[in-house]
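*Asks:* Sequence:
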Amino acid sequence: MDNLPPSLLTSLQYVGLATLTWLTVTTASGIYDQILRPSTLSRYHHHHHPDQQPPWALVTGATGGIGFGFAQELCHRGFHLVLHGRNRAKLLQRQAELRVDFPHVQTRILVYDATDLASDIDALATELQDLHLTVLINNLGGDEDLDFPRTEENTFIRTQRVITRNALFTTHLTRILLSQLKRNAPALILNISSIAAYGFPYLTMYSASKGLINSFTASVSAELALDKTGVKMLGLIVGNVSSQGNQSPVSLFTPSSRQLARSALGKTGCAGPMVWAYWPHSLQGLIFWVLPRWMIVRISAAEMGKLKEMAHSKAKVN
1 MDNLPPSLLT SLQYVGLATL TWLTVTTASG IYDQILRPST LSRYHHHHHP
51 DQQPPWALVT GATGGIGFGF AQELCHRGFH LVLHGRNRAK LLQRQAELRV
101 DFPHVQTRIL VYDATDLASD IDALATELQD LHLTVLINNL GGDEDLDFPR
151 TEENTFIRTQ RVITRNALFT THLTRILLSQ LKRNAPALIL NISSIAAYGF
201 PYLTMYSASK GLINSFTASV SAELALDKTG VKMLGLIVGN VSSQGNQSPV
251 SLFTPSSRQL ARSALGKTGC AGPMVWAYWP HSLQGLIFWV LPRWMIVRIS
301 AAEMGKLKEM AHSKAKVN
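Here this note's numbering is used: the first residue of the sequence shown is 1, the next is one more, and so on.
Any given hint might turn out to be false.
To be verified - Using C-beta positions, here's what the derived DEER-type ranges look like:
| # | residue 1 | residue 2 | range |
| --- | --- | --- | --- |
| 1 | Ala185 | Trp289 | 20 to 28 angstroms |
| 2 | Ala96 | Ile299 | 40 to 48 angstroms |
| 3 | Ala96 | Lys308 | 32 to 40 angstroms |
By construction, these hints were calculated from the structure, which means they are not laboratory data.
Quick reminder that beta carbons are idealized off the backbone N, C-alpha and C, glycines included.
Modelling step: build the complete structure from the supplied sequences, incorporating the hints.
*Replies:* So this is what it looks like as structure tokens:
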């Protein structure tokens, strides 16, 4: 260091100071967003003027898992609720449960098979136009056939189903409801994404669809802010969650569906466009900063292999 020219030494010191400042600000901002920043959900719990119609929320994929967790939490906070799903019997069952637990909350069901997307989706806006809708939670997602195929092993039908379920339904539903949400502003849209958007092997279609959600969220949230619409869109990154489809035991890094939903609603004050829905998941997400991609790919491939073996073993038992 003694042999370095003074000008170069000064430049290196400035670079080091800038790097340290960036790390400090980024870390402090992350801690504030994940733990300290207050929720702004109450901002979207407002009545319509002049008829004082109460606020409604729509949750897609609400018959189980994270979706039903959101439904419970929103009812608990006084929102009337529209539950979306494709199975009418399951929706009616969940609606009955909510009516018992939250007798003062009004509920509706919205039956639509998101994997069979067609132009008739535009008609859903008509079904909801009489409601003072202020919150939309695009939760529907997942892969019902977790067999972890290589890219070329995906059939046309499977590819269409995974991408439609995880990305296209969300984009179209947002498109058709956005005008209504703008009229009812302030309003909120939460898009549920996944850590898989990083790009994991053997989850190509699912990872790609979540990547689309992330880009869609960033683009629309910027547009809404520039146009000063009063509508906020926020993307929520989710890790492992214990639910009907995932029987992992609840732990610090694996919350229950309702725990995840409660935490996610607490993030509504964050600037976004993407934020971790649950703070312990953000700690796990640090590996994407620290480790090189080739190492993360190796680790994720090993994990996918274990999950594939578990899925095959379960299939044999059934």
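*Asks:* Now tell me, hint by hint, if it's right for this structure.
*Replies:* Status of each hint after checking the structure:
In this structure, Ala185 and Trp289 break the distance hint of 20 to 28 angstroms, their C-beta atoms being roughly 35 angstroms apart. In this structure the supplied range 40 to 48 angstroms holds for Ala96 paired with Ile299, their Cβ-Cβ distance being about 44 angstroms. Between Ala96 and Lys308, the C-beta spacing of about 37 angstroms keeps the proposed range 32 to 40 angstroms intact.
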